[in-house]
Each structure stands twice: as structure tokens, then as C-alpha cells.
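Colleague: What follows is the residue order along each chain.
Protein chains: 2
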Amino acid sequence: MTIDTAGLEVLERQECLWLLAAAPIGRIVFTDRALPAVQPVNFALHGADIIVRTSSGSKLARATRDAVVAFEVDDYDVCARTGWSVMVVGTGRAVTDPDEVAELERLPLRPWAPGPRSHFIRVETDIITGRRIPGRYVEPDGACG
Amino acid sequence: MTIDTAGLEVLERQECLWLLAAAPIGRIVFTDRALPAVQPVNFALHGADIIVRTSSGSKLARATRDAVVAFEVDDYDVCARTGWSVMVVGTGRAVTDPDEVAELERLPLRPWAPGPRSHFIRVETDIITGRRIPGRYVEPDGACG
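First to last, the protein sequences are chains A and B. In terms of the UniProt record's numbering, the first sequence opens at residue 1 and continues consecutively. In terms of the UniProt record's numbering, the second sequence opens at residue 1 and continues consecutively.
Treat the hints with care, as some may be off.
Since the list can't tell identical chains apart, any single copy or any two copies may satisfy a pair.
[To be verified] SDA-like mimics (lysine to any residue), calculated; alpha carbons at most 25 Å apart, straight line: (1) 59 <-> 6; (2) 59 <-> 34; (3) 59 <-> 35; (4) 59 <-> 116; (5) 59 <-> 76; (6) 59 <-> 32; (7) 59 <-> 90; (8) 59 <-> 19; (9) 59 <-> 1; (10) 59 <-> 7; (11) 59 <-> 3; (12) 59 <-> 13; (13) 59 <-> 31.
None of these hints come from the bench; they were simulated from the model.
Sequences are here, hints too, so could you generate the full structure?
Modeller: The following block contains the structure:
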């Protein structure tokens with residue numbers, strides 16, 4: 001087990017990909033009118049690429065097109081005061097090729113938000129890193145039951 | 001109830017602040033060596049400012065000092081396919097004034113990660129926005145029990 005300078009366990013690439021694959025929701029980080037922005041989305045993995053559905057005119061579609069973005073998933077346990085996170089950095093791309101769209105439409109990826117969401121964004125996983133707070137203990141004061 | 005162009009309910013500022021105050025974990029979005037980065041942290045609110053504890057030499061401390069950052073909290077229900085998110089955009093600041101440090105040390109803010117974390121970051125809430133997926137329904141196929 002590798003520990004980083006912040007005292008966190010460094011997750012290996014394969015574990016990062018497993019955690020990413022199992023996460024129902026991720027957060028896509030982009031730049032919106034020169035300001036940092038972050039938006040939760042449901043997603044699917046296609047190979048190691050992150051696939052998000054949105055509408056073609058959405059802010060997310062515009063802001064992630066040919067832009068370097070980050071994507072984050074995490075989970076935590078408030079009582080045990082522990083958790084993990086995985087971050088991907090990669091380039092966002094609008095999927096326009098009809099064959100590729102047809103392929104992505106077969107993914108188990110149904111938008112949660114209302115309205116038509118027939119536009120696919122693909123984020124290539126260039127960098128993937130993960131961290132976990134090591135160790136676990138239960139709060140002695142019983143605040144979490 | 002206001003609905004945005006993406007079909008999401010727009011949360012009012014006061015509701016955003018309530019949700020922010022109740023969230024145990026948020027994600028701070030910053031720039032790390034010219035790349036977008038995001039890191040989950042536990043935090044406290046002090047007025048409408050977000051307070052994070054870290055170590056003074058950490059990447060987070062360096063990258064958020066006098067920088068515009070975003071901060072996000074969310075919660076979601078996989079079975080009901082719904083959720084909400086609140087995003088803050090503001091300027092990060094290293095807290096160096098001893099009186100201010102003493103005041104922040106009285107906050108109920110205990111780091112989850114190991115090691116000394118005596119450095120406080122304060123993010124002023126310049127912009128706060130929130131969205132919720134409207135409506136709720138339970139999956140008919142019983143996939144979530």
C-alpha cells in the first residue's frame with residue numbers, strides 16, 4: 001500500500017477503474033465563462049472512456065467540447081470518517097459519428113433529468129488517480145448510532 | 001418553482017445555504033498545474049464562507065490561495081433517479097490572522113484524513129446556485145428493492 005505525502009492511500013489504476021465503473025453518479029468539472037464549474041451527472045463507462053448524455057444545446061455540451069475536463073466519483077462514510085475518491089482528467093469530445101452514436105445508445109445509460117438528452121459527450125481517460133483515507137474507526141460517542 | 005432550460009428546478013439562495021450547511025462532504029474544484037482538479041473535503045460553514053482544514057504545504061493549500069475556486073455538494077437517490085446539487089464559486093484565501101485562526105479552531109471541524117491539518121482555507125461565497133431534478137418516481141422493475 002502506497003501512502004502519499006498527505007497521508008492518504010494511493011489507489012492503483014485498476015482499482016480506480018473498478019470504483020469508477022461501480023459509481024452511479026460522477027461530477028464533471030469544466031470552465032464556464034472563465035469560471036470553474038462542476039455538475040453531477042449519471043454516466044456509463046465505454047472501455048475507459050466516460051460517456052455522458054445531455055442535450056446538444058446544453059451548457060455542459062458547449063463547455064466540454066474539445067476541452068480538458070476533470071471527472072470525479074467518490075463515496076464516504078460519515079460515521080467511520082472515511083472515504084475514497086477517484087479523479088479522471090481527459091479531453092471532452094462531442095460524439096457526432098452516427099455509428100458511434102448508435103453504439104453508445106446501446107449502453108445502459110438513461111438520463112435522470114427530464115427532456116430529450118440525445119447528445120453524447122465522451123471523455124477520454126488520460127489520467128486517472130485515486131485516494132482513500134486509510135484505516136477505519138467508529139465514533140466512540142455513538143453520534144452515528 | 002422555477003425550472004431552467006435543462007428542465008431542472010432552480011433552488012433559491014436560502015435553500016442552497018441550508019443544503020450546504022447540512023452536507024458533511026463537499027468537493028473543491030481548483031486548477032493544478034494548469035489542469036482541472038477536484039478533491040473531496042469535509043468542511044464547516046462560517047457565515048456563508050466555506051472553511052476547510054488542511055496542512056499548509058498541501059497541494060490544496062497552494063492551489064486555492066487567492067484563486068477562484070468552485071465548491072460543490074450534492075445528494076442523490078439512485079432508485080428514485082433524483083438528486084440535487086449546490087455549487088459555490090468564490091475566492092480561496094489562506095487564513096493567517098491569529099485571531100481568525102483561533103476563531104476557526106472553535107468550529108466543529110475535525111479533519112478526517114490523518115496528520116496535522118492546522119491550516120485553514122476560507123472560500124468566500126460569491127456565487128451560490130443549486131439545482132434539483134424535479135419529480136420522483138420509483139423504478140417499476142424493482143431493481144432497487
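Colleague: Next step is simple, just say for each hint if it's right about the structure.
Modeller: Going through the hints against the structure:
1. 59 <-> 6: between (35 Å within a copy, 9 Å between copies)
2. 59 <-> 34: both (13 Å within a copy, 22 Å between copies)
3. 59 <-> 35: This pair counts as both: shortest intra-copy Cα distance 13 Å, inter-copy 20 Å.
4. 59 <-> 116: within (15 Å within a copy, 40 Å between copies)
5. 59 <-> 76: between (29 Å within a copy, 21 Å between copies)
6. 59 <-> 32: both (8 Å within a copy, 23 Å between copies)
7. 59 <-> 90: both (18 Å within a copy, 20 Å between copies)
8. 59 <-> 19: between (27 Å within a copy, 24 Å between copies)
9. 59 <-> 1: between (40 Å within a copy, 21 Å between copies)
10. 59 <-> 7: between (37 Å within a copy, 13 Å between copies)
11. 59 <-> 3: between (38 Å within a copy, 15 Å between copies)
12. 59 <-> 13: between (30 Å within a copy, 21 Å between copies)
13. 59 <-> 31: Both. Shortest intra-copy (10 Å) and inter-copy (20 Å) distances satisfy the 25 Å Cα cut-off.
Every hint from the earlier list agrees with this structure, and none is contradicted.
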